[in-house]
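Letter by letter, the chains look like this.
There are 2 protein chains.
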Amino acid sequence: MAALRTGPSLYALPSRIYAGQRRNITIKQLEAAKNDRERVVVLGSGWAGYNLARSLNPKKFQTVVVSPRSYFVFTPLLASTSVGTLEFRTALEPVRSHRSKYEYIQGRADAVDFGKKEIMVRETVRDPNQGLLNTRAGEVRDERPLEMRIEASRGELFPLSYDKLVIGVGSYSQTFGIPGVKENAFFLKDVQDARKIRNKLLSSFETAALPTTPVALKKQLLNFAIVGGGPTGIEFSGELRDIVREDLARLYPHLIEHVQITVYDVADKILPMFEAKLGEYAMQHIGHEGVQIKTKHHIKELRRGFPQVDGQGDLNHDVKASGFTLSLQNGETSEVGCGFVVWSTGLMSNPFVEKALSPSFTAPASSVRLLENINASPTSSADWRIQKHARTGSVITDDFLRVQLDPGDHHDDKPAAVLRDVFALGDCAIVDGTQYPATAQVASQKAKWLAKKLNKGTTDIRPFSFASQGVMAYIGRWNAIVQMNQGSLSGRAAWIMWRGAYLTKSISWRNRILIPVYWMINATFGRDISRF
Amino acid sequence: MAALRTGPSLYALPSRIYAGQRRNITIKQLEAAKNDRERVVVLGSGWAGYNLARSLNPKKFQTVVVSPRSYFVFTPLLASTSVGTLEFRTALEPVRSHRSKYEYIQGRADAVDFGKKEIMVRETVRDPNQGLLNTRAGEVRDERPLEMRIEASRGELFPLSYDKLVIGVGSYSQTFGIPGVKENAFFLKDVQDARKIRNKLLSSFETAALPTTPVALKKQLLNFAIVGGGPTGIEFSGELRDIVREDLARLYPHLIEHVQITVYDVADKILPMFEAKLGEYAMQHIGHEGVQIKTKHHIKELRRGFPQVDGQGDLNHDVKASGFTLSLQNGETSEVGCGFVVWSTGLMSNPFVEKALSPSFTAPASSVRLLENINASPTSSADWRIQKHARTGSVITDDFLRVQLDPGDHHDDKPAAVLRDVFALGDCAIVDGTQYPATAQVASQKAKWLAKKLNKGTTDIRPFSFASQGVMAYIGRWNAIVQMNQGSLSGRAAWIMWRGAYLTKSISWRNRILIPVYWMINATFGRDISRF
Chain A
1 MAALRTGPSL YALPSRIYAG QRRNITIKQL EAAKNDRERV VVLGSGWAGY
51 NLARSLNPKK FQTVVVSPRS YFVFTPLLAS TSVGTLEFRT ALEPVRSHRS
101 KYEYIQGRAD AVDFGKKEIM VRETVRDPNQ GLLNTRAGEV RDERPLEMRI
151 EASRGELFPL SYDKLVIGVG SYSQTFGIPG VKENAFFLKD VQDARKIRNK
201 LLSSFETAAL PTTPVALKKQ LLNFAIVGGG PTGIEFSGEL RDIVREDLAR
251 LYPHLIEHVQ ITVYDVADKI LPMFEAKLGE YAMQHIGHEG VQIKTKHHIK
301 ELRRGFPQVD GQGDLNHDVK ASGFTLSLQN GETSEVGCGF VVWSTGLMSN
351 PFVEKALSPS FTAPASSVRL LENINASPTS SADWRIQKHA RTGSVITDDF
401 LRVQLDPGDH HDDKPAAVLR DVFALGDCAI VDGTQYPATA QVASQKAKWL
451 AKKLNKGTTD IRPFSFASQG VMAYIGRWNA IVQMNQGSLS GRAAWIMWRG
501 AYLTKSISWR NRILIPVYWM INATFGRDIS RF
Chain B
1 MAALRTGPSL YALPSRIYAG QRRNITIKQL EAAKNDRERV VVLGSGWAGY
51 NLARSLNPKK FQTVVVSPRS YFVFTPLLAS TSVGTLEFRT ALEPVRSHRS
101 KYEYIQGRAD AVDFGKKEIM VRETVRDPNQ GLLNTRAGEV RDERPLEMRI
151 EASRGELFPL SYDKLVIGVG SYSQTFGIPG VKENAFFLKD VQDARKIRNK
201 LLSSFETAAL PTTPVALKKQ LLNFAIVGGG PTGIEFSGEL RDIVREDLAR
251 LYPHLIEHVQ ITVYDVADKI LPMFEAKLGE YAMQHIGHEG VQIKTKHHIK
301 ELRRGFPQVD GQGDLNHDVK ASGFTLSLQN GETSEVGCGF VVWSTGLMSN
351 PFVEKALSPS FTAPASSVRL LENINASPTS SADWRIQKHA RTGSVITDDF
401 LRVQLDPGDH HDDKPAAVLR DVFALGDCAI VDGTQYPATA QVASQKAKWL
451 AKKLNKGTTD IRPFSFASQG VMAYIGRWNA IVQMNQGSLS GRAAWIMWRG
501 AYLTKSISWR NRILIPVYWM INATFGRDIS RF
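Chains as they are written, first to last, in the UniProt record's numbering: chain A, 1 to 532; chain B, 1 to 532.
Hints listed in this document are in silico derivations from the structure and should not be mistaken for laboratory results.
Warning: the hint list may mix true and false statements.
Copies of one chain are not kept apart here, so a pair can be met inside one copy or by any two copies together.
[Stated by the list, open to error] EDC-like mimics (lysine to aspartate or glutamate), calculated; alpha carbons at most 20 Å apart, straight line:
#1 K453 - D421
#2 K320 - E156
#3 K448 - D399
#4 K388 - D110
#5 K182 - E301
#6 K448 - D398
#7 K182 - E335
#8 K117 - D421
#9 K34 - D421
#10 K101 - E31
#11 K300 - E332
#12 K28 - E257
#13 K101 - E246
#14 K456 - E38
#15 K448 - D421
#16 K34 - E118
Please construct the entire structure, taking both the sequences and the accompanying hints into account.
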């Protein structure tokens with residue numbers, strides 16, 4: 001052997017490192033580390049789960065985050081990352097960090113036993129879909145490097161017990177069952193979606209720039225459609241307009257005449273959550289910047305491949321397949337070829353909520369609390385049904401974020417009740433009788449409320465209520481609209497407020513430094529168009 | 001129609017944008033834009049091609065870069081990006097930029113007709129392999145998002161004529177035909193390799209952290225092998241050691257005892273290009289930091305999947321398949337399970353050089369120059385052979401970087417000659433009779449020399465000669481070795497010099513700002529471990 005081993009090995013580490021939290025341990029070690037603390041299992045690492053886990057008192061609770069995503073996504077910045085105004089990682093925070101006081105398991109809950117207070121976890125480290133179920137398979141499937149796809153597996157399954165369970169699994173994009181949307185549209189829910197859009201945008205320009213691409217095809221490649229006139233769709237249209245006019249127009253001057261950006265919405269106006277004045281300002285501004293807004297348009301279908309167009313010539317099959325055909329109805333039906341379609345029309349139920357929180361189950365008396373006397377349980381085990389919202393399928397909670405139960409079938413005489421020690425928040429849940437929107441603001445307020453109550457041990461007094469801090473949207477060309485309780489604002493000043501708000505709300509100092517650095521660098525030197 | 005169109009369209013752009021260089025045009029437009037300039041077609045966008053294209057006088061030459069990669073890679077920083085010390089994009093420069101004065105076509109040359117002065121270009125915009133040929137398919141194949149893979153195609157083929165042709169297509173990693181290496185090893189030639197390594201490293205830790213992973217498997221998952229003790233392999237081992245000790249040790253304290261990093265080399269020492277004193281210093285330092293160096297080891301095979309080990313238990317098939325088995329010979333044969341193997345053992349011929357620059361071809365007299373009288377051509381068309389280096393397969397040039405020709409078979413009476421208007425430089429070429437290493441330094445010096453000569457129109461006087469500026473290597477823990485003509489240096493001061501040198505040599509101001517920002521941020525807050 002010619003091995004050289006002249007010093008200490010890698011694992012001779014300073015003891016202060018060992019003295020920290022133990023974050024990667026077997027279930028047995030997890031039990032041993034629990035001591036006299038209660039275990040809070042948090043499902044999900046979004047606005048709800050991530051904020052809650054970071055706020056729970058580690059002396060009182062052993063918090064275990066179970067989430068298929070190893071990072072938290074700062075969603076309001078996703079549209080910026082999808083065109084390179086910001087880098088992808090500035091919108092992410094890793095769930096594991098040097099300072100975090102919780103455990104983390106990369107996986108998703110497959111089932112819950114409310115009686116045994118136990119979930120079944122399926123680990124998803126090597127799952128290319130980041131634990132997303134089939135419902136959304138077309139969106140992110142195979143979006144990850146081969147390395148991860150080859151390793152894709154139905155991960156190992158193991159049980160994890162809890163004292164308190166917090167469900168913050170989020171929701172999926174609503175596609176209304178329109179054919180081809182699930183498979184072919186680009187969404188803006190995860191950083192992988194943003195990466196897909198960025199690559200596709202740049203490759204559409206590069207394809208259109210080839211000497212072999214006929215003009216008719218250039219026009220289709222550079223026709224970009226956005227479906228949904230809510231804040232996400234509108235902000236993306238603004239960011240897309242920015243990279244096209246500020247960067248791609250200089251890099252591909254001959255192509256720019258072929259570019260078209262269109263926002264479609266089924267309603268008769270966009271941005272319905274804003275007051276009329278701001279909505280109209282946004283419409284005017286967006287139109288002035290060359291982005292078309294087409295309201296009252298229904299989408300019938302989205303399929304892969306460009307439609308046949310005159311003058312397109314004898315195309316290579318694969319070039320043709322690189323685009324999409326959007327089928328529209330507005331009085332009459334029409335078809336348009338697009339480089340990509342970004343879809344942002346609301347949310348639908350997460351499969352975990354749909355399936356694992358099954359409609360009817362038998363719960364032992366101890367796991368149920370009667371709403372008429374909150375500290376009492378029923379006298380015996382019985383069938384219950386988790387209350388769900390009729391339209392969205394969200395879990396319905398009371399205003400203490402406790403999951404509400406209906407009497408199961410044929411037991412209409414039972415009183416209303418909630419699950420004991422089970423909470424739901426974020427996009428997968430709604431407080432009974434409210435119309436709180438499915439936004440980051442609501443999710444984080446709920447998370448902070450619940451953490452405070454759990455830390456104090458007083459979950460039953462002072463219910464949660466949402467205090468809106470206002471809404472805002474970027475609308476392109478350093479312009480935004482802001483609507484707050486104190487009044488509303490539009491234009492450059494609103495844009496500065498928009499940037500300031502997200503910079504302040506950024507979670508880590510790393511990102512609070514990197515975000516303005518990228519804003520400055522990209523404004524000065526242009527966005528990076530390297531594609532890899 | 002409910003379309004709103006209140007302002008100018010997207011393509012109503014300021015005229016100064018149109019007034020710039022025309023960068024995306026048909027072949028016809030390319031011809032029209034050429035005016036009385038000579039067209040220089042540059043194959044490749046690495047150290048040779050990218051530097052040359054940027055230095056050619058746009059008033060004198062219409063430069064057209066043809067390269068499958070839409071970016072230039074600053075290769076000395078790749079190892080840093082593979083562990084997140086720097087972000088991927090800090091090591092990239094897009095070929096298209098606001099200021100560039102050349103045209104760009106994303107594609108690769110499939111064939112050259114030296115008589116007609118024409119190449120056949122295959123466009124590769126939607127090619128997932130970035131135009132790389134099968135020889136290296138196992139390395140990067142399918143590494144890109146689905147979007148690009150679905151679009152993968154044998155791109156369109158079209159001819160492009162040249163007045164001068166510059167071949168800077170680079171080389172592939174040398175795997176010596178060892179079974180499984182091409183398919184399963186990770187290389188460090190492109191940013192995609194770096195991304196693959198970063199994801200794999202982090203997912204190995206996350207898999208090892210799962211409660212379901214037995215100890216025997218943790219040890220294999222966290223065993224990382226590097227083959228090749230040259231600067232690239234050693235720098236990577238240093239960066240890997242850094243992220244393990246500085247970041248992963250804190251995030252996964254229970255796992256760190258299982259980590260092992262080993263550098264294998266077939267020779268009896270590492271870093272042979274450094275003087276003995278520096279090499280020994282590096283060996284000592286690296287060993288002291290817990291990285292094993294095993295010299296005189298031959299690799300027999302690299303296959304996917306862990307070997308069976310006692311105590312591993314009844315493993316999920318997919319977990320087992322997530323690693324590799326390295327088969328070694330050092331006196332006796334042994335097998336070790338690894339999370340990944342990084343391979344860096346030198347270069348082999350690029351398939352373009354191997355195939356398109358075919359061994360024997362018939363050239364018209366006008367395309368050949370006789371070396372005995374450089375301004376004279378032979379009297380008639382004849383068979384010629386491009387001279388290639390026996391061991392590496394590189395194109396042999398004279399010291400004016402002109403491609404050298406041998407008389408074809410059965411024509412041994414013909415004199416030595418060079419191709420007219422064809423130059424080769426970078427890793428795919430070597431100057432006859434020299435031992436210049438295949439490094440970025442040589443490639444960029446050649447590019448600058450050639451650009452200067454072409455700009456001046458005096459390619460035949462003052463031949464190229466390489467002036468070494470020294471060699472340096474990062475060896476981990478803020479430590480480096482530097483060897484220059486003026487003397488040598490090791491330790492912290494050498495590390496500061498190492499960083500200073502690469503910062504100074506960085507090409508764009510964007511990266512000159514971003515690189516120190518990331519150095520500072522990652523030293524302060526730790527490296528980002530988000531995996532997506």
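A quick look at each hint next to the structure:
1. Taking CA atoms no more than 20 Å apart as the test, K453 paired with D421 passes inside one copy only; the shortest distance there is 13 Å, against 78 Å between copies.
2. Taking the shortest Cα distances, K320 and E156 sit within 20 Å of each other only across copies (12 Å), while inside one copy they are farther apart (41 Å).
3. In this assembly of identical chains, K448 and D399 lie within 20 Å of each other by CA distance solely inside one copy; the values are 14 Å within and 71 Å between copies.
4. Proximity of K388 and D110 under a CA criterion of 20 Å is satisfied intra-copy only: 19 Å inside one chain copy versus 61 Å between copies.
5. Taking the shortest Cα distances, K182 and E301 sit within 20 Å of each other inside one copy (10 Å), while across copies they are farther apart (43 Å).
6. When the C-alpha separation of K448 and D398 is checked against a cutoff of 20 Å, the pair qualifies only within one copy, where the shortest distance is 16 Å, while the shortest distance between copies is 72 Å.
7. For the homomeric pair K182 and E335, the shortest alpha-carbon distance inside one copy (18 Å) is at most 20 Å, but the shortest distance between copies (45 Å) is not.
8. For the identical chains of this complex, K117 and D421 are intra-copy neighbours only, at 9 Å inside a copy versus 78 Å across copies, given an alpha-carbon limit of 20 Å.
9. For the homomeric pair K34 and D421, the shortest alpha-carbon distance inside one copy (18 Å) is at most 20 Å, but the shortest distance between copies (75 Å) is not.
10. In this assembly of identical chains, K101 and E31 lie within 20 Å of each other by CA distance solely inside one copy; the values are 16 Å within and 65 Å between copies.
11. Taking the closest pair of Cα atoms, K300 and E332 come within 20 Å of each other only inside a single copy of the chain (11 Å); across copies the shortest separation is 67 Å, beyond that limit.
12. Taking the shortest alpha-carbon separations for K28 and E257, only the inter-copy value of 19 Å comes in at or below 20 Å, while the best intra-copy value is 64 Å.
13. Proximity of K101 to E246 under the C-alpha cut-off of 20 Å is restricted to the inter-copy arrangement: shortest distance 19 Å between copies versus 43 Å within a copy.
14. Only within a single protomer do K456 and E38 lie at most 20 Å apart by alpha-carbon distance; the minimum there is 13 Å, versus 79 Å between protomers.
15. With identical chains, the CA atoms of K448 and D421 are at most 20 Å apart within one copy only, with a shortest distance of 17 Å there and 71 Å across copies.
16. Taking the shortest Cα distances, K34 and E118 sit within 20 Å of each other inside one copy (16 Å), while across copies they are farther apart (73 Å).
In this structure, none of the earlier numbered hints is contradicted; all agree with it.
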